[in-house]
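K.L.:
Chain by chain, the residues run as shown.
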Amino acid sequence: MKCQTCPSPATLHITEIVKGVAAEHHFCEECAQQYLSQAEAKGNDLPAGVAADEEGESKLKELDQLACPNCGITFKEFRKQGRLGCPHDYIAFQEELIPLLENIHGETQHFGKVPKRTPDDSRKQYRLIKLRGELKVAIAEESYEQAAKLRDEIQRLELETQTPASEEENE
Amino acid sequence: MERGENLAQKSRATIVTDQGRQGHTVKLDELIQSSGEWLRGEGPEADIVISTRIRLARNLSQFPFLTRADEGARAEIERILSGQIARLAARKSLNYFDVTSLQRLDRQFLVERQLISRELSEGQGPRGVGFSTAENVSLMVNEEDHLRIQVLRSGLALESCWQEINQIDDLLEEQVCFAFNEQLGYLTACPTNCGTGIRVSVMLHLPALVQTKEIQKVFQALHKIGLAVRGLYGEGSQAMGDFYQISNQTTLGKSEEQLIKNLKDVIPNIIGYERRVRTALIKENRQGLHDQVSRAYGILKSAQTITSEETMQHLSSLRMGINLGLIEDLPIPTVNELFIFTQPAHLQKLRHTSLDSGERNVARASYLRERLAPQN
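Residue numbers (the working numbering), protein chains in the order written: chain A, 1 to 171; chain B, 1001 to 1376.
By construction, these hints were calculated from the structure, which means they are not laboratory data.
Here are the computed lysine-lysine pairs in the DSS-like style, where the Cα-Cα straight-line distance is at most 27 Å:
{"no.": "1", "chain 1": "B", "residue 1": "Lys1213", "chain 2": "B", "residue 2": "Lys1264"}
{"no.": "2", "chain 1": "A", "residue 1": "Lys124", "chain 2": "A", "residue 2": "Lys136"}
{"no.": "3", "chain 1": "A", "residue 1": "Lys80", "chain 2": "A", "residue 2": "Lys136"}
{"no.": "4", "chain 1": "B", "residue 1": "Lys1349", "chain 2": "B", "residue 2": "Lys1301"}
{"no.": "5", "chain 1": "B", "residue 1": "Lys1261", "chain 2": "A", "residue 2": "Lys116"}
{"no.": "6", "chain 1": "B", "residue 1": "Lys1264", "chain 2": "A", "residue 2": "Lys113"}
{"no.": "7", "chain 1": "A", "residue 1": "Lys113", "chain 2": "B", "residue 2": "Lys1261"}
{"no.": "8", "chain 1": "B", "residue 1": "Lys1217", "chain 2": "B", "residue 2": "Lys1261"}
{"no.": "9", "chain 1": "A", "residue 1": "Lys116", "chain 2": "B", "residue 2": "Lys1092"}
{"no.": "10", "chain 1": "B", "residue 1": "Lys1027", "chain 2": "B", "residue 2": "Lys1092"}
{"no.": "11", "chain 1": "A", "residue 1": "Lys113", "chain 2": "B", "residue 2": "Lys1092"}
{"no.": "12", "chain 1": "A", "residue 1": "Lys80", "chain 2": "A", "residue 2": "Lys61"}
{"no.": "13", "chain 1": "A", "residue 1": "Lys136", "chain 2": "A", "residue 2": "Lys149"}
{"no.": "14", "chain 1": "A", "residue 1": "Lys130", "chain 2": "A", "residue 2": "Lys80"}
{"no.": "15", "chain 1": "B", "residue 1": "Lys1217", "chain 2": "B", "residue 2": "Lys1264"}
Based on the provided sequences and hints, a complete structural model is requested.
P.N.:
See the structure below:
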């Protein structure tokens, strides 16, 4: 979804209630701030859930520092670009994402197709993302012993997750 | 990682040697001789519904999304998915193209044919597309998500699109693990697509509603029930030639079947509305409408230089004229094709040379005169 005033992706979704009538707004971070400061200047009631006081701001700063342990993306980076860094972000930022998803979709529980592979598999996959990141760092730092360990671990996990279709059917 | 990267490069090279860069160019150039099956103007309600399209957004669970994927990870994703596309190729007769090796003009050409998105065309790093010979299945690798599967059909064909895309998705899921969680469904780079990851779109030709400005009412009604309206080339594109894509806005919390049903319930109302307005226009002023359509035909048959915008506008009039029986010597598939073939990259491919905008206008007019000349 695009920001309603500029071509950036919309990352803030505001439901504003004026005299009992709800209006939806979709902004990128910059335009949202502009909109909110204008609303404040006009003396309008600020949309529910958006705190403009200092306490709220420090909370927001704290939130921005939040980073995914797997891919390292911070919540601030996500808010800026509107794209997440890895599947694990949905868990790492769950508390912050759920209200956003509710705003976008009106729902927070998937109801539809489920893949044949189990979510159990996904956990191993998240670990793979993390290990690959660590391997990159180890190589950059020339810690080859560590890199070798990581590579073995990655290979082991890869084997575990790449079960041939025939084996799966037997399970 | 170095080892991994080397491996990835090697595999990519294998794919390139298998099909060959030369092979790509030849194959792409062959496409200009034909058009996609979805343009043939068949299928239910094909006078108003140009095409039905469904896409699914999928990501490999063991890799980060593309925002955090470096060159090596992107190459590895491309290696895995292009391998899967090669595996599907036997069943779906797919051709795979490494988009990084394509010239800008060729990428634009694929965008105009609706086989790739602008995002994939203008993106960075290892990426590709596999599409069927009939041009009704396309799998984009490393677009906004790792994989975007698309199925396209002529006319209103929601169920058959869903059956085919679901089958392709099932075949892929036998071999690869897509990012998924029980609460939020398929996990996508942008939270606006998570859940089903589905976008169901129907492309409508609505010249009478545009002419009478009734279209605004349609937009408002659609917005209220959570459906989005876009132009010919998707998000952010203008509605050229009175074409509108109607699609679902939300992807989480409803099943694929429910989301499809929403469109299935609404589209006939819009079709009925367009038909009623067309009938009213004929009833009120048949001569005026016949004149308008004939003039459009006249300009297209005889102009010496013409812009893309003017072409689209007249082709739209002409298309409505044929469907109302006001023009009898031209088949609908020809007009459908002209909408695509008069676009910049197509004209340049037809003329085998790069053309600036002025030259394109001359080439466009000349191409239109050729195609619309009476057949003797």
